[in-house]
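If you read the protein sequences in the order shown, they are chains A and B. According to the numbering used here, the residues represented by the first sequence are 1 to 311, in order. According to the numbering used here, the residues represented by the second sequence are 1 to 311, in order.
One should not assume that every hint holds.
Because identical chains cannot be distinguished in the list, a pair is counted as satisfied if it fits within a single copy or across any two copies.
To be verified - List time: in silico EDC-like cross-link candidates among lysine to aspartate or glutamate, alpha-carbon distance up to 20 Å:
id: 1; residue 1: K37; residue 2: D167
id: 2; residue 1: K263; residue 2: E214
id: 3; residue 1: K37; residue 2: E187
id: 4; residue 1: K71; residue 2: E242
These aren't lab readings, by the way, just hints derived from the structure by calculation. Quick caveat: nothing in here was measured; it's all calculated off a predicted structure.
Number of protein chains: 2
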Amino acid sequence: MSCGVCAGCEISGLSLQTGAVTTSPMDIVRTVDELRKDVRRARSAGRNIALVPTMGALHAGHISLIEAAKKTGAFVVVSIYVNPTQFGPSEDFTYYPRAFESDCSACRGAAVDLVFAPTDAEMYPSNDQTCVRPGPLADTLCGPFRPGHFEGVCTVVAKLFNMALPDVAYFGQKDAQQARIIQRMVEDLRFPIRIEVCPTIREADGLALSSRNERLSEVDRKQAVLLSRALCEAKRRLQSGESSTGRIIAAMRGVIAEHAEIKVDYLSIVDPLTLAEVAVPTATVMVAGAVRVGQTRLIDNMIVDIPPARS
Amino acid sequence: MSCGVCAGCEISGLSLQTGAVTTSPMDIVRTVDELRKDVRRARSAGRNIALVPTMGALHAGHISLIEAAKKTGAFVVVSIYVNPTQFGPSEDFTYYPRAFESDCSACRGAAVDLVFAPTDAEMYPSNDQTCVRPGPLADTLCGPFRPGHFEGVCTVVAKLFNMALPDVAYFGQKDAQQARIIQRMVEDLRFPIRIEVCPTIREADGLALSSRNERLSEVDRKQAVLLSRALCEAKRRLQSGESSTGRIIAAMRGVIAEHAEIKVDYLSIVDPLTLAEVAVPTATVMVAGAVRVGQTRLIDNMIVDIPPARS
């Protein structure tokens with residue numbers, strides 16, 4: 001299903017399917033000791049361990065990660081933890097959606113083997129002080145708008161990796177900068193873990209699924225879709241051979257300006273590996289943006305393959 | 001053997017024994033792939049894995065760590081890598097002693113199972129950028145004199161942990177702040193690794209063994225011993241019930257002032273867990289100091305149990 005905006009668009013719709021409760025023997029644990037015991041038992045039984053780190057409020061994007069993990073036959077651990085250290089003091093930690101019961105139902109429905117839902121005390125004991133600090137990959141895109149965010153992400157993910165000791169961990173392309181920084185962390189610190197990045201899942205009209213979408217009012221929701229429309233506009237122009245990133249970004253701003261209430265944090269065309277802005281788009285680029293709709297900050301991105309210039 | 005300075009001193013002498021070459025089938029590898037292969041094989045054979053991280057120039061202090069590891073029956077990996085990121089721009093990275101051949105002989109003599117001696121490119125590929133940042137434990141003692149040092153230490157040790165995947169790792173009490181920060185890192189980031197801290201090994205006159213001692217001239221060597229003598233003086237006073245840390249530190253400075261050429265970076269009485277300076281010494285404290293003798297910076301410390309005050 002196309003996003004309804006551009007031809008050849010990568011957007012495909014997927015409706016939310018998180019409710020089916022089954023009687024699978026899914027364990028729910030709160031401590032690292034219990035987690036490690038279950039993981040050790042699974043490993044002894046010859047299973048690989050797959051971790052899907054989440055902050056809960058699960059949607060079809062998360063379920064797609066779980067399904068990708070399940071397909072491999074791995075013992076699938078879903079962590080559910082709203083990590084305070086990745087929220088700035090003026091951000092939405094308090095209002096971030098929490099839905100533990102329905103998350104557990106969704107996990108059962110997706111045949112998850114183990115839910116790890118640690119307490120704050122388990123994740124951050126009172127004398128906790130060591131952090132994992134990402135490098136320049138955290139200085140672009142969302143970085144300047146969310147000081148400390150990616151350090152919080154790296155630190156909690158490093159903890160989760162060492163707690164669950166997975167062979168593979170799944171992240172969504174929707175949070176592209178996060179995925180890239182985690183990949184870099186794994187390579188730099190040599191975690192013996194493979195990172196799988198799965199495609200963004202979208203609503204039928206193109207809006208990227210996000211737990212934060214729950215917080216959009218009906219009016220907000222209509223505006224929110226403009227971010228993906230702006231990305232599609234950039235994609236169309238890039239694939240038509242337009243090479244002025246200034247003009248392309250101006251066109252994206254034009255799409256979003258349909259609703260003056262949307263505030264743009266950034267709209268950028270970057271190298272998908274270094275996340276540095278590209279002056280002249282060639283080969284493959286990532287178009288990314290962050291906007292604020294009402295009280296809600298939304299991000300989205302698309303990878304665009306640019307056809308060779310005609311001679 | 002006492003240090004010759006104070007009664008009841010913990011200092012014991014141990015002469016350097018690192019040269020005995022045997023024909024044990026010790027492997028020497030340079031890459032993470034080879035390291036992991038050997039470690040995996042040992043683990044499959046039911047062995048625990050013990051890591052002794054070193055910067056080479058091995059002395060009896062290192063050998064005591066190896067012997068502690070060997071006693072447990074573990075498969076003992078010694079890493080030898082002079083880590084550039086823990087040296088400041090004006091520090092002694094270039095002049096740090098390197099002695100790979102004799103280090104390997106010493107490891108063979110101590111029945112080490114595997115030496116891991118990575119290249120710089122293996123430890124820090126060109127796009128490496130993620131760091132592990134310690135907290136307030138790095139802000140005291142050596143921290144202010146060596147900006148970035150403990151971040152370099154944490155980062156390289158985290159890499160080594162993820163490369164070798166040991167069950168236990170050995171560090172020396174001589175580098176007490178390093179050991180404490182690594183313990184904290186392991187607890188905070190939840191590495192599934194036990195940290196063993198082994199006692200400081202000293203020359204007969206009390207000088208703590210250090211690879212940097214090699215760089216002391218004959219004159220420097222005579223001055224260097226004053227650091228351990230100053231620590232012994234503090235210990236004696238603390239155990240005699242003296243409670244003014246100001247007076248005790250002044251007495252330590254008095255011992256060191258025997259040679260005006262010694263420059264004191266710090267002399268401190270701290271809590272052994274938090275490394276914060278103690279106002280009134282009670283129970284157990286750590287007396288620690290750092291001095292510069294010629295071009296060489298030396299550190300040392302002693303844990304002191306203080307007898308209850310007489311009523």
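These are the hints, each one checked on the structure:
1. For the identical chains of this complex, K37 and D167 are neighbours both inside a copy (16 Å) and across copies (16 Å), given an alpha-carbon limit of 20 Å.
2. Taking the shortest Cα distances, K263 and E214 sit within 20 Å of each other inside one copy (19 Å), while across copies they are farther apart (63 Å).
3. Taking the shortest alpha-carbon separations for K37 and E187, only the inter-copy value of 18 Å comes in at or below 20 Å, while the best intra-copy value is 27 Å.
4. For the homomeric pair K71 and E242, neither the shortest alpha-carbon distance inside one copy (40 Å) nor that between copies (69 Å) is at most 20 Å.
Hint 4 alone, counting from the list given before, is not met by this structure.
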